Amino acid sequence: MKPAPFGYADPTSVAEALDVLAAEGDGAKVLAGGQSLIPLLSMRLAAPTALVDINRVAGLDRISASPDGVRVGALVRHAHLLASAEAAAVQPLLGRATANVAHPAIRNRGTTVGSIAHADPSGEMTAVLAVTDGSVTVARPDGSTTVGWRDLFVGPLETSLHGAAVVVDAFFPALAPRSGTAFAEIARRKGDYAVCGAAVVVTLDEDRRVAAARAAYLSVGAMPEVHDLTDAVGGKPVDSADWTAAGELARTLVDPDGDLHASADYRRLLVGALTARTLAEAAAEAERRTP
Amino acid sequence: MTSTERTISVVVNGVPREATVPVRRLLSDVLRHDLGLTGTHVGCEHGVCGACTVLLDGQPTRSCLVLGVQADGHRVTTVEGLSRSDHQGGQVLHPVQEAFRECHALQCGFCTPGFLTTIAAGLDTRDATQPITDAEVDELVGGNLCRCTGYANIRKACRHAAEAMRAATGAEVATSAPGEEAAT
Amino acid sequence: MTTKYFGEPVRRREDARLVVGKGRYLDDIGADAYAAAFVRSPHAHARVVDVDVGPALDVEGLLAVYTYEDLTGPMAEPLPVLIPHPQLTHARTGYPLVKDVTRHVGEPIVMVVATDRYVAEDAAEKIAVTYEELPVVVGVDAAEAARVLVHDDVPGNIAARHHQETGDVEAALAASRHTLSFTQYVERSASMPMEGKGVHARWDDADSSLRVYSSTQASTSVRAAIAAKLQLSLEKVEVIAPDVGGGFGVKIVHPWPEELLVPMAARLLGHPVKWVEDRREHFVSSAHERQQRQEITVGYDDDGRITALDVLVWHDNGAYTPYGIIVPINTATQLLGPYDIPVYRAQVFSVYTNTVVVTPYRGAGRPQGCFAMERTMDRIAQERGLDRAEVRLRNLIQPDQFPYDWGLTFQDGRPLVYDSGNYPAMMAKLMALVDWAGFPARRAEAEARGRLLGIGMAPYVEGTGPGPYEGAHVQVLGSGKVLVSTGLTSQGQGHETVFAQLVASELGVPMEDVEVTTGDTRRFGYAVGTFASRAAVVSGNAVALAARGVREKALRIAADVLEVDASDLEIADGVVGVKGTPGATIPLRTVAVLSNPLRYAFDEAARQATQFAGTSDDSKPPVSPGDAPGLEHTDYYSPIRSTFASGAHAAVVEIDPATWEIEVVQYAVVHDCGTVVNPMIVEGQVHGGVAQGVGGALYERMAYDRDGQLLNASFMDFLMPYASEVPPVDIDHQSTPSPLNALGIKGAGEAGVIPGSAAIASAIEDAVGRRIAAMPISPSELYDLVRSPSAERVINSSPHETGAMA
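Protein chains in written order, with our numbering: chain A, 54 to 344; chain B, 14 to 197; chain C, 122 to 927.
If you're looking for bench data, these hints aren't it; they were derived computationally from the structure.
Please note that the accuracy of each hint is not assured.
[Said to hold, decoys possible] Simulated crosslink set (DSSO-like; lysine-lysine; CA at most 30 Å straight-line): (1) A:LYS289 / B:LYS169; (2) C:LYS550 / C:LYS125; (3) B:LYS169 / C:LYS143.
Note that the structure is a prediction, hence the values are computed from the model and not measured.
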């Protein structure tokens, strides 16, 4: 289990990284945290011709929180985001989800943006990007663009990014007023990829009635998707909303696959259970944040 | 624009080291085979077992999930670097190494270096004056696989080491501030 | 006063090097060695039509490529069947490299040697093998159906029909008041040590000799295999097991193909060669164990006492039978547990499948046997409306029934005779430890929280310490250092410590003076190996006997010098003295110097010894007939038969009916391995075994698809428990010493794993009220089970109700 040969570059600027990527063509891959990529290399399930290691690019390791949201640089490690009180204050879902990413040693090296660029439907941060309606900033030789999550994810482990492109940050909009979030996942072993997980946001109106409820799931479907569950609970006073009904609704909306660790039916069961559980938690937070 | 071999400089266990390595060589292999530090063990090479965990700039990191070239210019601590010299030709073990011996927290010893580096880093960065909680122990021992011990004694050693470190802080406080002690 | 060592929780001496990274494991040896890698079959069953090594030849750093065509002499013959058995009528083994047909994914086809492992893998990747795929057999059911054969010349895929009985079971069943029959399954897991296998070989051309390091559980046998296969004289081959990163059975198959191929390459290339198995190779080419289908019929009376038991086992032995049928024999004989069963019949069909070979994994057929017996007990209890513990208690062998002769033959070929035990006391301890009687209240409390709680128990009896023998050599040097060597190997069991404790106790020397070497054929040539919970029993007794031999010789020499009778002497703290009389003493190290009449004064010890030397008797030779120079002794212990340890486990599981997640919230163990040398080490063995038992019950399985592809060949998908998945374990001990050996020891290595699946299945069944007839079980499977209309409903009687009835 040793990687096949590849060329290596460790540029110190995004521009330089893009130059290398452009020169190397489609066989080149960007290396950030490497916690998903390097095992694939060692198993020879991936054999890029070149790795463009962006770890020496300055300025990508910052988290900037503003009232609008949290911008997470491409070299921000999961552990950094997990520890960021500023990020949690603006979008509490970030820390809640990141706490579920693998184990501490992986979180010390792996990056939030790398997880997103890896487009793994079982990844925590892909679901979080979706449910918060986030986006990424993509640098290309002809300039930077913002790509919304819906345009980014096109399939399992597949994004719309091709050619010379570096995701330089991800932007997670701030939690709206009178809103709350929750995250939960069930894994076979603690720290494993989730068998199923849910990231949810609940928003109340000024009368503490449920105005909106939406959820994104992990390991359910080929790519992240946001499901609007407002129909099941919308307009209900928060303390009498039937979160189980929302779970039931969610079960009808998802189309999970079965695999080694869980049948499709079991995933559907978990979607229902986790939806009910997390919506109730999120609603409680929303209530606390409602004056 | 890309290279296939690099000469890297890494401060390993406090000692500056140089090696010329193929760029694809994993840090675990560089440490073991280029630098001769065979205390770091390789159990799965896909980042799950944790046996190869070293401290990269002080942070527990799977050395099988980092390329050797990526360590260029960084600090690495391996299990060989956890103890310190007593300046009389002997070694002073890290409290967690001592506790692993005391609590029978290892059997075959193959996973042990990864546990030791991870737990040592965790204990060294927490507030040693506070008693360790079960949640902290869970976090410190939770990411590494062991097939021999069933983890019971690893947990015990983790608590033991935390207690020893706590006692050590207490002793220092007592000697540096005897007046306070007298006052209470 | 000599410090007491025997029976004490002495800290392990191994750990001094292991906690500072100074262990010496296989891959730590030979930094300059060439590296081997293998092209392994991607197909479960295929004819190898062509191997084209051409594309690999331009890989820079490639040194050699070997296929079957390159094997000569005995290397070109099939690998040995280690333990033939008359009922293993169709034994089959593979070749070191596939000859014509590959029979499981992972079988080695080509060996590549290169300057390093990266390059070797580059070359291996470029070798083009052409296959003609053949139909595949996966699982015991498909093997039994035999629509496809794994070996053309093995009808019905049946390697062995094993059959034992203690009486006319059919008549006894017919005469039984009640009978019940059922079928159940156990799935595959594997030893999965943290260090894979590995071999390093160095050929000394001038000396025509070979030194091999192998991460093995049986270095003496590997040595003999290499010598035979490479046609070398035994004394030209040394095999050393260095620090070994766990074994649990998988490193006892000797030889693994690589243990022959790597030395062959080292010899041909005249340069050290090393192969270090990676995790993916380990999954697809190192042994698995456990899959069985069990068909059980039991007869019992109104009180739930068993009157007859008939068991038919379909055992998946994988593609080959290098290790014979030890595992299914263990199932057949160890299934009986602590119960007094008047008439018993076991029939085992050991069948071929296109999967990795099956050889012992810790427990070696016993966990399956325990699963069969204990699930039977649960069913009888349910049928009779009795508490499950009560049914077990009623069937126990009583303390006055020992030795209990089953009239069966155990896996060591010796009579199955339980030597000692106290099963009622053991069960009483377990019920107290887990608070069996108080469980209904706990269940009610859990129900109030919306959780399902269940409890289960499973006792077992384990035959340990089989022969034929182990030996040991003990030698006292003039420095006072005591060298101990035994041929069996260590994989983390703490032998260096335990054997040092034994020698320090027997010889009366400080433990610091004792140095133990295991698994090094340079030091001790005759050994069987570390498996079957036998090290402490067999090598332990051999070490004690060798130490006693040294002690006798030391006392004889000292008696001459001190001019007293040897029976008046004692040894304490390394000094020989007269009992009860201070003054007249001689250090043991001096006795060691005196034991050799050739005493050049190379050191202070020799100079000091001259004061004791006395005058020589000119009428006798310096070394008397029958005597030998040196204070050393070699001895062997050969047990008459196995000794039977016992234990009982109980598990409490909590299940969330919203998600069907299963948590083991309590795990209780009562353990009896006779006399204990080091209780700390024994507890460690129990802890580790329990973790593997929990893993086997809830997490681990080898997920083969119908094409024989192993779908979860990584630590990502083969779910070995982390700390988060292993429950805390409460342990209570009991000690019924073995009457079969002088130390009273019974084996402890495997015990912890045996009852895991049985106890946990019982607890889950108790919690959800549905029959559990296959293990392991995942939450997803449990969910399927509880909503399946065809799932059998199960009601256990609570201890309280039974008490009222009784």
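Okay, the hints, checked on the actual structure:
Simply put, LYS289 (chain A) and LYS169 (chain B) have alpha-carbon atoms about 50 Å apart, too far for the 30 Å limit, and the pair is violated. As the CA atoms of LYS550 (chain C) and LYS125 (chain C) are separated by approximately 28 Å, the hinted pair is consistent with the 30 Å bound. Proposed proximity of LYS169 (chain B) and LYS143 (chain C) is supported: the alpha carbons are some 23 Å apart, at most 30 Å.
Checked against the numbered hints listed earlier, the structure breaks hint 1 alone; every other hint is satisfied.
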